[in-house]
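Trainee: Using the sequences and the hints given, assemble the complete structure.
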Amino acid sequence: MACERRSFLKAAAAAGLAAAAAPCRGAGQAAEEASEFPVKPARHFVALPEKRVRCELCPRKCEVADRERGYCGVRENRGGDYTTLVWGRACSLNIDPIEKKPLFHFLPGATALSVATAGCNMECKFCQNWEISQFRPEQIAASFMPPARLAELAAARGAPAIAYTYSEPVVFFEYMYDAAVAGNARKIKSVMISNGYILEPALAELCDVLAAVKIDLKGFTEKFYKEYTKGELAPVLAALKYVAKRRVWLEIVVLLIPSLNDGAAELTEMCAWIAGELGPDTPLHFSRYHPMYKLKNIPPTPLQSLERAHAVAKKAGLNYVYLGNVAGHEAESTYCPQCGKAVITRYGYRVDARALTDGKCAGCGAPVPGVWE
Amino acid sequence: MNIFPGKVVAARDAKLRGADGAVRPPRLADLLAKALRRLGEAGDTRAFWSRIVKPGAKVGLKVNCLAGARLSTTPQLVRAVVASLAEAGVPAGDIVVWDRTARELKAAGLTSQATGAGCRGTDEAGGYETAIASSGEVGSCLARILTRDIGVLINIGVLKDHDLSGVSIGMKNLYGVIHNPNKYHDNACDPYVADVANLPVVRAKLALTIADGTLAQCHGGPAFSPAHAWEYDGILVGTDPVALDRVGCEIIERRRKARGLPSLAEAKRWPKWLATAASYGLGEADLARVKVLEEGDGM
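Respectively, the protein sequence lines represent chains A and B.
In terms of our numbering, the first sequence has 137 at position 137, counting the first letter as 1, and numbering is strictly consecutive.
For any residue, its number in our numbering is found by taking its place in the second sequence, counting from 1, and adding 1000.
In case anyone wonders, no lab produced these hints; they're calculated from the structure.
C-beta: ideal position from N, C-alpha, C; glycine also.
Watch out, some of these pointers could steer you wrong.
[What the hints assert, rightly or not] One side only, chain B facing chain A, incomplete, derived with CB under 8 Å:
hint: 1; residue: Val-1023
hint: 2; residue: Arg-1037
hint: 3; residue: Ala-1069
hint: 4; residue: Thr-1101
hint: 5; residue: Thr-1111
hint: 6; residue: Gln-1113
hint: 7; residue: Asp-1123
hint: 8; residue: Gly-1136
hint: 9; residue: Gly-1139
hint: 10; residue: Asp-1163
hint: 11; residue: Leu-1164
hint: 12; residue: His-1179
hint: 13; residue: Tyr-1280
Mentor: Structure, rendered in structure tokens:
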């Protein structure tokens, strides 16, 4: 992962974003003094007696004493004032294909200025970005990148979207919200790549300013969530339903981990729930897991497992099911559910959407849901 | 390196402070010397330290400065420890006073000038290891000061209440050696405090725990709460981290009772991690089995 992060920071530099992306010195290296970054008031909390606060941003509802931080490590109680330490504190910045998020029904072939801060409100044992998500802001290198500058950079680089990604954007709620507002003023859309572990009042505010949301559904049992993510399933399902209701574009990713969350019964139940509660047109991506962080004793997901999951999802009636981290597989492409024509073909991040015209299949004219412009 | 299991020295000096209310460094140094001698049943501190620090070993003094200047490990106590080590032949250059960040150390007044030894934050001294060290439920990157720079760890925390873990005295202060302490505050920090103390490198290097109770606090921690802080004017010393925390807990409980505050158990934050730590063989959590050696004005 460290190499991946370094590589995109290098790419950021190559793309003219050097001013925005300080070379990351990796976990545990000396970071900039906190004084270089503004400490902003946090939102979504309630004050408690004796200078304590209860954070109401995510379902964890941390009660935080003075001088302490919440589970995420980026929101700190300072004398009863709850603050965010990561507003504008970008530790990762890059221009990515939107397909990398992945968002397959959202501006295909476009790029997104992708930004992250330190911190996460879960701790997935298989986290692919743990060197930023599981560290505190002062422990990793970062650059000051205020919202207006993000929007300016996206526009300058011809990116029609800003993606809040890599770590967990819920924990940098205030920064994300302000950046989305700044982006919208420039006609730059904002997309959140998230675990969906957020309470509805905060999510409702985000849905006012975001154009798309991708949520990682990490499994479909409370047991899995508790043991492997330190989170809970029910609030994530509630968030998925809420986003779907708000008609913000929604896609779902499931990282399939052999023997842990890829059982046929669990997948069948999951896909039926998605089809029934969110609708059959909700894109679902099954992604290949690679050993990482605290889960290194399980081998990468076999292709056959991914294909089995794909078949289960199709049988459940889902129209748009994709496989991820398997470049060149036919299930990377989008097919018209009406006539079966490949309307968007993909090979890795190479995209050909010429068979999609005004959001309709060029073969039969059936509409394909998504955000196409 | 728990060479005196089940033993804790509780040392107080009713005349620790001068007329101006400030701690008198010579009396604090004297109190420390008495406590060390008592713990080691040694004739002098040199003999005590010879059992704790082998010749040539680098020594790390892990302090606690989360609460700022008013309720951190005091520079006076650290200076007394440094001086005592120096008398035993450990040069100041072989000692590092250490906590998470240089900024916090400075804010607590823990400078080289004040302590007589170099003061360094993990953030400016190599950061954290990139590999994850595991112990029970804990998986963390460890401060390189601990893993690479020092051979002996002396933990000098503060005798105080903690909003989530019940108390923060010695073992809870070890959260400062891991990169992700925020992940380990659920369930009144059980088993996490015990798991951190049970990390192999911690267990191998932790040689002595000292609780700074010059100013202690019975409620409202870990931040400074003037309404609940009191001049305990004492220290606790031991090589058994569990027994020392258990004794510290008792002091805090007594103060809470005297002030009409609910017990830690009633406040639903009794430090269950003490029993967990004992189950790991880290020390004695049963107060009835702890030998408390009272020095000066006692516990």
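Trainee: Per the CB criterion, is B/Val-1023 less than 8 Å away from chain A?
Mentor: Violated. Min distance 23 Å.
Trainee: Mind checking the CB of B/Gly-1136 against every CB in chain A and telling me if the closest is under 8 Å?
Mentor: 13 Å, violated
Trainee: Let me know if the C-beta of B/Tyr-1280 comes in closer than 8 Å to any C-beta of chain A, holds or violated.
Mentor: This hint is violated: B/Tyr-1280 lies away from chain A, its Cβ roughly 20 Å from the closest one there, beyond 8 Å.
Trainee: Under the criterion of a CB-CB separation shorter than 8 Å, is B/Gln-1113 in contact with chain A as hinted?
Mentor: 21 Å, violated
Trainee: Would you settle whether the hint for B/Thr-1111 is holds or violated, based on the nearest Cβ-Cβ distance to chain A being less than 8 Å?
Mentor: 17 Å, violated
Trainee: Are B/Gly-1139 and chain A close enough, Cβ to Cβ, to be under 8 Å, as the hint says?
Mentor: B/Gly-1139 check passes; min Cβ-Cβ to chain A is 5 Å, inside 8 Å.
Trainee: Does the CB of B/Asp-1163 sit less than 8 Å away from some CB of chain A?
Mentor: 4 Å, holds
Trainee: Answer holds if the nearest beta-carbon of chain A is closer than 8 Å to that of B/Leu-1164; otherwise answer violated.
Mentor: 7 Å, holds
Trainee: Holds or violated: is the Cβ of B/His-1179 closer than 8 Å to a Cβ in chain A?
Mentor: 6 Å, holds
Trainee: Does the nearest C-beta of chain A fall within a distance shorter than 8 Å of the C-beta of B/Asp-1123?
Mentor: 5 Å, holds
Trainee: Let me know if the C-beta of B/Thr-1101 comes in closer than 8 Å to any C-beta of chain A, holds or violated.
Mentor: Hint holds; B/Thr-1101 Cβ to chain A Cβ min 7 Å, cut 8 Å.
Trainee: Going by Cβ atoms only, is B/Arg-1037 closer than 8 Å to chain A?
Mentor: Nearest chain A Cβ about 36 Å off; hint violated.
Violated hints, listed in ascending order, are 1, 2, 3, 5, 6, 8 and 13; each of the other numbered hints is respected by the structure.
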